[in-house]
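Participant: Chain residues, written in single-letter form:
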Amino acid sequence: MTTTPTGATDLPFPGLSGVPTTDTKLTGKDFTSDQEVRWCPGCGDYAVLKAVQSFLPDLGLRRENIVFVSGIGCSSRFPYYLETYGMHSIHGRAPAIATGIATQREDLSVWVVTGDGDALSIGGNHLIHAMRRNVNMTILLFNNRIYGLTKGQYSPTSEPGKVTKSTPVGSVDHPFNPVSLALGAEASFVARTVDSDRKHLTGVLAAAAAHRGTSLVEIYQNCPIFNDGAFDAIKSPDTKADAIIPLVQGQPIRFGVEGSKGLVRSAAGGVEVVEVSGDNEGDLLVHDATLDDPTQAFAISRLTDAGVLHQAPIGIFRQVERATYDDQAREQLATARGGEAAPSAEQSRAALSALVHGNDTWTVV
Amino acid sequence: MTTEVKQLDRVIIRFAGDSGDGMQLTGDRFTQESAAFGNDLSTLPNFPAEIRAPQGTLPGVSSFQVHFADHDILTPGDRPDVLVAMNPAALKANLPDMKPGTTIIVDSHDFTGRNLTKAGYAENPLEDDSLADYSLNVVDLTGVTIEAVKEFGLSRKDASRAKNMFALGLLSWMYGRPTETTVGFLEKRFAKVPAIRDANITAFRAGWNYGETTEAFAVRYEIKPAAMAPGTYRNITGNLALAYGVVAGGVASGLPVFLGTYPITPASDILHELSKHKRFGVTTFQAEDEIAGIGAALGASFAGSLGVTSTSGPGVALKSETIGLGVMTELPLLVIDVQRGGPSTGLPTKTEQADLLQAMFGRNGEAPVPIVAPQSPGDCFDAAVEAVRIAVTYRTPVMLLSDGYLANGSEPWHVPDVASLPEIEPGFATETNHVTVGKDGQETADFWPYLRDEETLARPWAVPGTPGLEHRIGGLEKGDGHGNIAYDPGNHDYMVRIRQAKIDRIADSLPPLEVDDPSGRAKVLVLGWGSTYGPIGAACRRVRRAGLDVAQVHLRHLNPFPHDLGEIVQRYDKVLIPEMNLGQLSLLVRARYLVDAVGYNQVRGLPLKAAELAGALADLVTQTDPEAADVLTETDLEDIVR
Ligand code: SF4
Numbered sequence: 001m002t003t004t005p006t007g008a009t010d011l012p013f014p015g016l017s018g019v020p021t022t023d024t025k026l027t028g029k030d031f032t033s034d035q036e037v038r039w040c041p042g043c044g045d046y047a048v049l050k051a052v053q054s055f056l057p058d059l060g061l062r063r064e065n066i067v068f069v070s071g072i073g074c075s076s077r078f079p080y081y082l083e084t085y086g087m088h089s090i091h092g093r094a095p096a097i098a099t100g101i102a103t104q105r106e107d108l109s110v111w112v113v114t115g116d117g118d119a120l121s122i123g124g125n126h127l128i129h130a131m132r133r134n135v136n137m138t139i140l141l142f143n144n145r146i147y148g149l150t151k152g153q154y155s156p157t158s159e160p161g162k163v164t165k166s167t168p169v170g171s172v173d174h175p176f177n178p179v180s181l182a183l184g185a186e187a188s189f190v191a192r193t194v195d196s197d198r199k200h201l202t203g204v205l206a207a208a209a210a211h212r213g214t215s216l217v218e219i220y221q222n223c224p225i226f227n228d229g230a231f232d233a234i235k236s237p238d239t240k241a242d243a244i245i246p247l248v249q250g251q252p253i254r255f256g257v258e259g260s261k262g263l264v265r266s267a268a269g270g271v272e273v274v275e276v277s278g279d280n281e282g283d284l285l286v287h288d289a290t291l292d293d294p295t296q297a298f299a300i301s302r303l304t305d306a307g308v309l310h311q312a313p314i315g316i317f318r319q320v321e322r323a324t325y326d327d328q329a330r331e332q333l334a335t336a337r338g339g340e341a342a343p344s345a346e347q348s349r350a351a352l353s354a355l356v357h358g359n360d361t362w363t364v365v
Numbered sequence: 001m002t003t004e005v006k007q008l009d010r011v012i013i014r015f016a017g018d019s020g021d022g023m024q025l026t027g028d029r030f031t032q033e034s035a036a037f038g039n040d041l042s043t044l045p046n047f048p049a050e051i052r053a054p055q056g057t058l059p060g061v062s063s064f065q066v067h068f069a070d071h072d073i074l075t076p077g078d079r080p081d082v083l084v085a086m087n088p089a090a091l092k093a094n095l096p097d098m099k100p101g102t103t104i105i106v107d108s109h110d111f112t113g114r115n116l117t118k119a120g121y122a123e124n125p126l127e128d129d130s131l132a133d134y135s136l137n138v139v140d141l142t143g144v145t146i147e148a149v150k151e152f153g154l155s156r157k158d159a160s161r162a163k164n165m166f167a168l169g170l171l172s173w174m175y176g177r178p179t180e181t182t183v184g185f186l187e188k189r190f191a192k193v194p195a196i197r198d199a200n201i202t203a204f205r206a207g208w209n210y211g212e213t214t215e216a217f218a219v220r221y222e223i224k225p226a227a228m229a230p231g232t233y234r235n236i237t238g239n240l241a242l243a244y245g246v247v248a249g250g251v252a253s254g255l256p257v258f259l260g261t262y263p264i265t266p267a268s269d270i271l272h273e274l275s276k277h278k279r280f281g282v283t284t285f286q287a288e289d290e291i292a293g294i295g296a297a298l299g300a301s302f303a304g305s306l307g308v309t310s311t312s313g314p315g316v317a318l319k320s321e322t323i324g325l326g327v328m329t330e331l332p333l334l335v336i337d338v339q340r341g342g343p344s345t346g347l348p349t350k351t352e353q354a355d356l357l358q359a360m361f362g363r364n365g366e367a368p369v370p371i372v373a374p375q376s377p378g379d380c381f382d383a384a385v386e387a388v389r390i391a392v393t394y395r396t397p398v399m400l401l402s403d404g405y406l407a408n409g410s411e412p413w414h415v416p417d418v419a420s421l422p423e424i425e426p427g428f429a430t431e432t433n434h435v436t437v438g439k440d441g442q443e444t445a446d447f448w449p450y451l452r453d454e455e456t457l458a459r460p461w462a463v464p465g466t467p468g469l470e471h472r473i474g475g476l477e478k479g480d481g482h483g484n485i486a487y488d489p490g491n492h493d494y495m496v497r498i499r500q501a502k503i504d505r506i507a508d509s510l511p512p513l514e515v516d517d518p519s520g521r522a523k524v525l526v527l528g529w530g531s532t533y534g535p536i537g538a539a540c541r542r543v544r545r546a547g548l549d550v551a552q553v554h555l556r557h558l559n560p561f562p563h564d565l566g567e568i569v570q571r572y573d574k575v576l577i578p579e580m581n582l583g584q585l586s587l588l589v590r591a592r593y594l595v596d597a598v599g600y601n602q603v604r605g606l607p608l609k610a611a612e613l614a615g616a617l618a619d620l621v622t623q624t625d626p627e628a629a630d631v632l633t634e635t636d637l638e639d640i641v642r
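Residue numbers (my numbering), protein chains in the order written: chain D, 1 to 365; chain E, 1 to 642.
Do not rely on the hints blindly, as some may be mistaken.
[Said to hold, decoys possible] Where chain D lies over chain E, by a calculated footprint (3+ residues, C-beta under 8 Å):
| no. | stretch |
| --- | --- |
| 1 | 31-41 |
| 2 | 250-260 |
| 3 | 317-328 |
| 4 | 536-549 |
[What the hints assert, rightly or not] In silico negatives: residues of chain D with every beta carbon more than 12 Å from chain E:
| no. | residue |
| --- | --- |
| 5 | His91 |
| 6 | Asp242 |
| 7 | Ala354 |
[Claimed, not checked] Facing chain E, according to a computed beta carbon distance under 8 Å, are these residues of chain D, among others:
| no. | residue |
| --- | --- |
| 8 | Glu83 |
| 9 | Ala98 |
| 10 | Arg337 |
Just so you know, the hints here were simulated from the structure itself, not pulled from any lab data.
Ideal Cβ placement from N, Cα and C applies to all residues, glycine included.
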């Protein structure tokens, strides 16, 4: 393992163990840039921005060591509003760009902000490969199940049959389930949260930042302009008890009014929802995101509606330790140097001279 | 038996066989021996895109041409003096390039029914007199090799595989090559399989002895070492020199190197090589695709490293959008394009120069990118260092245009003195650079990421981790100075122009062009770029030997052009621009300087041939200057194109 600079955050934040901390007490205001926020009124992005701005000081990191990278889309404007280093890049490529940053700089806390179109459509390849490699970064995937910035076409998470500007008689595309996709792509940390639940959102963000490796956080985000009410079932006080399946580590998975429903293993090998009774209470699945085998997490992720959303598990699906790409790449460099620190300019020049000469030279006098 | 020894000033040998016959290795070893001997040399590997094309067929033929001489030479040569053909297909595929009198050494082993048919021969050409014009030597190389390595108990197949070393031994004897380097090489290469090692060394020595003891070959040749400038030399391919140049760029700038890339022919060797140099702080990242490769490289640059990506033409097409982002964010980025035949997948293993306009214009919007091109395999080193200098100094993506011929071709390389590398100064921003006066008159120091250096017009490079300089960059148009998103028309017009002006400014840092016009009387200028340097130089020599005057300029910088190029092209009556494309530099020169440049264009996947080019050049010189035509004799003309 590479060494940790002094002043770095100790556990429980291994994900940030190389990032220098500060004793200066920062506030949300310190993380607010001077740029006017330009999302539509009522956009879910505001809530997430506020939550992130007020959460970042809790990490105790030096502000200059935080980098936000985004792609293209409404949510990808995020970096402009944060007083950190940032790059608003091109469509779908943020995970690739962040991979370069994270690999070269252990001392940076790297965040990717992306949307369902950005991450799952044009940038799908980069997303899955970042998760497979387990590069140390936190990916916030704002899922509003629509293309907002281009004014309302269906997205790769829109429900089948969706009528939009580009699908006047209904979409015939089957959607991705971002959590299932992430689990299939070998992600070591996968969670889902909701824009309007500040407390849950902050808790998931903390766990994601703490995780060393790629953390994928799907955030259900309402787009009041082009897809209003997409998440009403899990937001409305009348329905949310039945719609949200909360995942709490070490707890039996129960939901519904007064916990009337629960998850059990199904005969087919997956999991299913049952009415909880005295008979089956003992069979209820106890949530364990740390299982090495992702099958249970995957089975739970399948309880998310692919169509109009009436039901979705919310929380941390998977949280396992796996060596990260960037740590291992840096380690190979350190090993090649025989554990020595970076050579001086003079040493480098001497080594370069030996390299370009090689073993097969001849001299003309 | 006494063997006659003849003196020659230069020889071109082509080794040709099936892809599985080890011709590249054979050629490479002969080259190393010649380099160790002190000849000047130039090589041309030529192999199919398929890893193992059907055995014994014409598409499966692989060849390696080496030109070595007692004087300084510029090309791998047009027409071989010697062809070594290991099977019927190799003979058939290469015969069209042979001139009458060429020495042809054929392995007769496979000249049998089915193998002849596979190669498209109805009759055995060794038995009729279809090869009467050549000096034909027929040897059952496979048979004698199997016999020679009997003692090692290898299968017939394994034993016959050593035939390339037998051929190498024979040729080494013929041309008096030193053998120690090859023996040493084989010892190392097959250290883990002693039987194979010993069989190869034995076959190699048996080939030598075959020449020495049988009477099959009556003549040996001597090609004296070439007089070269004092110094230390080694043989090097373009891809290796380019990879070393990238390492050197990292050392010269003090920046860690990050290569983000995706495997592609003929650029992959750059990845392979750089992945070995971790102790120089070089990180190599084999990405999921071309786009991620360059994306990660740009991210690395944002984070304060030297971001590099390497590819070929199809990969550049995929990287275009990110190059545009690099132009907009004004970050250093080295984009290496080892050009190959196109369009589309084209000719993956063959050479071409048809990406110049892609490098120049292949992006949306006004997105100027500097272009640097090496002119020979060894020159790839200097060109890479120069590209890094421009990228870092001017905070911009730079295209480095190598090609398949440079990548795999080799030449003796005067090993550079590391002390003479340029100092490349990243000059990271560490402090605020601007004062904002608030409405209340209050002054606050802040950082403006798009305030420019007056001389270079480069913007500051503030690396994450630098306190107080937190800022956001991106692909949206920047406001001048402060760099925040700005949509107003005047600002956009200004920013488009200032980005162009910054690239144009690079010309201020370039040395004057070297015009090679020995007599000072030339009316015709030959202007080239990239790997055509060798054929153009060789063509100029031929034409000058015949008493004609011609001037030569070769461009390292294709964008921006050096300041004096306009004056130079206007100074001559005619400008000939030879290129392995349909006239891309011609287009740029004509547009820029309103000069009626004449193109000489071939896209055959092979380097230009010096003799043919010399013929075209002599025609143009005599058309331009009828008096020159008068002094030219028939013999002169024949010499030019011989
Ligand atoms: S279009 Fe939708 S997602 Fe985009 S800013 Fe407006 S409300 Fe938000």
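Participant: Would you mind marking each hint as holding or not holding in the structure?
Facilitator: How the hints compare with the structure:
1. 31-41: holds (count 4)
2. 250-260: holds (count 5)
3. 317-328: holds (count 4)
4. 536-549: violated (count 0)
5. His91: 8 Å, violated
6. Asp242: The claim holds: Asp242(D) sits with its nearest Cβ about 40 Å from chain E, beyond 12 Å.
7. Ala354: Given a closest Cβ separation of 9 Å, the condition is violated.
8. Glu83: 6 Å, holds
9. Ala98: 6 Å, holds
10. Arg337: 5 Å, holds
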